[in-house]
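These protein sequences, in sequence, are chains R and Z. Using the working numbering, read the first sequence as starting at 6 and increasing by one per residue. Using the working numbering, read the second sequence as starting at 2 and increasing by one per residue.
For the record, the hints were derived by calculation from the structure and aren't laboratory data. Being a predicted model, the structure only gives us computed values, none of them experimental. Accuracy of the hints is not assured; some may be wrong.
Derived BS3-like pairs: lysine-lysine, alpha-carbon spacing no greater than 25 Å straight-line [as the list claims (entries may be wrong)]:
#1 Z:Lys79 - R:Lys47
#2 R:Lys72 - R:Lys7
#3 Z:Lys69 - Z:Lys79
#4 R:Lys61 - R:Lys72
#5 Z:Lys25 - Z:Lys69
#6 Z:Lys25 - R:Lys47
Below are the chains, spelled out letter by letter.
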Amino acid sequence: QKEVEQNSGPLSVPEGAIASLNCTYSDRGSQSFFWYRQYSGKSPELIMSIYSNGDKEDGRFTAQLNKASQYVSLLIRDSQPSDSATYLCAVNIFSLGKLTFGTGTRLQVTL
Amino acid sequence: DAGVIQSPRHEVTEMGQEVTLRCKPISGHDYLFWYRQTMMRGLELLIYFNNNVPIDDSGMPEDRFSAKMPNASFSTLKIQPSEPRDSAVYFCASSSNPGQGGGNQPQHFGDGTRLSIL
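In isolation and in its complexed conformation, chain R is listed as follows (with noise of 0.2 Å):
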């Protein structure tokens, strides 16, 4: 099992609806949670940041985490055809004492 596991994709959704990104991590120790949008043929832009259990809202973006289940995911509203790229999940895994990437998944807005 790898550290932390996110689907490929593509996502594809219509605009307006809502995209729902998940992510889930393999120690339960871990306790920093991040997602970062990834433009093609550009670097990692962090997103949200999320800490404890529970809903994290931020402007049409909402960052979830349920320890217990070990998952992370990220909700986007009303979403926007700029939307589209790739989302990366980073996990601080406890054991490693390192923050880990997942493979991203990709996002498709369409018209």
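Given the coordinates of chain R, assemble chain Z onto it according to the supplied hints.
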């Protein structure tokens, strides 16, 4: 505010040549990370520094790779001799971190160096 600055943005060189990638972290950040990204393997951590000291270099692929951080505002990643399989995008990132292992605070990435070894 200035972000993480990397140079060069692009590097094309022939197999066997020495390659040096450079990074200036965000001022005040005491953690610096070097990553490599390829389509096949995604984003891989190569090495990271805390207060200019290498902490974990377990991701460095082999002895051809070396990294230094002579001061708080500069780091280099060197490949000697370079091989075609080293072709990738290399990112430098920095963060501040009060906790364990460089992972408790977000990391901020530079624009990357796209390296092509012919």
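Now for the hints, and whether the structure bears them out:
About 22 Å separates the Cα atoms of Lys79 (chain Z) and Lys47 (chain R), which keeps this hinted pair within 25 Å; it holds. About 17 Å separates the Cα atoms of Lys72 (chain R) and Lys7 (chain R), which keeps this hinted pair within 25 Å; it holds. Taking the CA atoms of Lys69 (chain Z) and Lys79 (chain Z), the gap is near 9 Å; set against the 25 Å cutoff, the hint holds. A hinted pair counts as satisfied when its Cα atoms are at most 25 Å apart, and Lys61 (chain R) with Lys72 (chain R) qualifies at roughly 14 Å.
Annotation: proposed proximity of Lys25 (chain Z) to Lys69 (chain Z) holds, straight-line Cα distance about 12 Å (limit 25 Å). Note on Lys25 (chain Z) and Lys47 (chain R): the hinted pairing holds, with a Cα-Cα distance of about 18 Å set against a maximum of 25 Å.
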